[in-house]
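Asker: The primary structure of each chain is shown beneath.
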Amino acid sequence: MTDIQRSNWLHIGVVIALACSFFILPEYHSGNLARILVLAVYAMGYNLLFGYTGLLSLGHALFFAAGMYGLGLAMQFFDFNPIAAVIAGLILALVVSICVGFLALRTTGVAFMIVTLMFAQAGYLTILYFGEYTRGDEGFVIQQADRMVGMIDLTSPMGRFFTALLLFAICFFIVAYIVRSGFGLALVAIRENEERATMLGYDVMRLKLQAVVISGVMSGSAGAAYALLFGYAGATFATVQYSIFPLLWVLLGGAGVTIGPLIGTIFMFYLIDYSSAITPAYMLIAGLALVLLTLFAPQGLAGELRRRYLPWLP
Amino acid sequence: MEFGPHLILASLEGAVIAAVLAMTAMGLSIVFGIMRVVNVAHGEFFMLGAVIAWWVAHLLGGHPAIGFIAALIFAPLLVGFIAAISDRLVLQRIDYDPDRTIVGTIGLLYIIQQVTLMTFGPEARPVEAPFNQRLAIPWFEFGDNGFEIYWPWGLSITSYKLFIIVAAIAILTALWVLMTKTKIGLIMRATQQDSEMARAFGVPVKRVYAWVFGLGAGLAAMGAVLVVPVQQAHYLMGHDPLLLSFIVVIIGGLGSLPGTVIAAVLIGMSDGIISVFFSPTLAKILATLLVAMVLVFRPQGLMGKLRS
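Protein chains in written order, with the working numbering: chain A, 1 to 314; chain B, 315 to 622.
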């Protein structure tokens with residue numbers, strides 16, 4: 001088997017295994033898994049920028065929230081049907097990511113992190129400022145009756161799970177395709193040595209902007225799906241904490257590995273889930289994980305796996 | 315409402331914000347200037363200072379002044395010590411790699427914040443000010459009786475708030491003397507300019523870094539001790555100072571100390587004045603966008619020089 005065949009089987013196998021798990025797992029865990037899949041899409045969007053292009057953004061919550069509010073406000077005030085509302089969310093995320101990418105990519109390194117952080121903070125405050133429409137921190141509920149696509153009820157466990165899985169599978173295959181394409185390899189070249197990539201004739205600025213936009217729209221799709229499937233949009237999802245989460249998931253799972261975000265999201269979700277039952281200070285686990293990861297396993301779980309046993313992991 | 319007296323009040327409140335902000339941002343600026351480290355956990359060192367001030371004041375009891383003075387000495391030392399230890403345990407081991415430093419300090423942020431939540435609890439707790447007289451704000455008018463001074467009803471500031479401004483000026487002056495006139499300052503500046511050359515001349519660079527990191531955190535803690543009688547100690551209080559310090563340090567020029575003070579006064583005063591007359595949320599939106607734009611279009615800051 002060639003490496004390409006192996007990675008194809010891996011991606012298809014992961015999706016099939018996830019589909020089967022719905023029928024095997026007890027309802028509590030399959031409900032969790034639906035949430036994890038949506039969040040893993042967010043993490044995959046983040047991974048494309050951080051893991052493959054080497055750009056550390058501290059403001060991805062802005063894209064997530066753009067998708068979430070694009071969908072939520074369209075449904076709340078303009079009575080869009082779910083499909084049209086998802087498209088509205090994606091368009092808002094697209095516009096926001098083009099603007100942010102265009103401005104923030106003029107900076108590099110630490111300045112890029114701070115600029116993205118500041119944009120996300122401004123976005124969060126804007127949501128609060130227009131609290132009359134967005135309901136600020138309190139957020140608003142998307143009514144159950146609105147969350148129907150044709151005959152499929154997105155509020156039923158099964159409809160919810162398989163919609164989440166569908167979105168996950170689409171994004172998963174897109175990422176798998178991108179990282180193997182010439183575009184994806186050029187992104188890795190930028191990550192490894194930006195000057196050399198420029199010298200080889202790549203339009204680095206344009207490639208980076210494309211990476212930001214794809215990453216932003218993917219994060220936005222996760223935000224839209226989250227609001228649609230779980231029926232709630234709130235400003236909490238635009239806070240710094242939600243910019244840190246995808247970083248944490250990707251670092252834990254393995255940056256620059258296609259299955260890394262999924263692994264990281266599953267582990268961190270259950271770590272936080274179990275520890276929040278014990279103590280209200282559950283973010284302590286996240287903090288410890290971040291410090292330990294930077295110290296001992298900067299490549300994350302899948303990264304270590306690739307380094308030691310499976311060098312073909314995409 | 316009369317515009318003049320309110321403007322004076324807003325400026326004084328703004329000056330209090332600016333004074334505390336200048337100290338906190340100075341800590342961040344020193345750490346960035348000398349170590350090239352972006353310390354995301356800086357706001358938590360501020361919070362720790364306030365929380366420790368509460369513990370000290372609570373344990374000592376007696377007259378509030380005793381607890382306050384003890385806190386002013388003890389809290390920065392303890393916070394500085396904690397910071398120096400975390401520099402040794404985390405930052406030094408990853409060799410100050412920029413990306414990993416950010417991630418590591420984000421981790422430290424949550425560890426400090428959540429351990430405080432577990433020990434100190436979620437309540438906001440007040441610390442009593444050592445003295446707290448109300449001082450009415452005078453205003454004048456040219457009325458029928460010619461020039462006269464009067465005290466508009468309800469407008470006042472406390473003596474303690476004025477003390478904050480004076481204390482911050484004193485501490486920052488002391489810091490300036492430390493940095494420019496003493497051997498410690500000389501060593502720090504040498505490390506800043508060229509750490510390898512400093513090492514060649516026998517400067518223990520690693521120990522200097524630990525001290526600088528401690529000093530930066532200690533400054534934030536000192537600012538917090540000053541402000542805690544006005545604002546209560548709470549485990550989430552580090553968030554705003556962190557963002558504002560970032561804003562100040564960037565506007566002032568990354569690593570430029572005079573720029574930091576000027577920017578702190580600018581941001582603190584305008585924050586105070588805009589918040590009184592307009593919506594505080596709008597003020598914050600404008601400030602964050604301004605910072606992003608400064609970084610995008612003038613990365614050396616308003617006062618900084620371009621590094622080659």
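Just so you know, not all the hints are guaranteed correct.
To be verified - Some, not all, of what chain B presents toward chain A, calculated at C-beta under 8 Å: (1) GLY418; (2) LEU476; (3) VAL610.
By construction, these hints were calculated from the structure, which means they are not laboratory data.
Backbone N, C-alpha and C fix where the C-beta goes; we use that ideal spot for every residue, glycine too.
Asker: Determine for every hint whether it applies to the structure shown.
Answerer: Hints and how they fare:
1. GLY418: holds, 4 Å
2. LEU476: Because about 31 Å separates LEU476 (chain B) from the closest Cβ in chain A, which is outside the 8 Å limit, the hint is violated.
3. VAL610: holds, 5 Å
Consistency note: the structure conflicts with earlier hint 2 alone.
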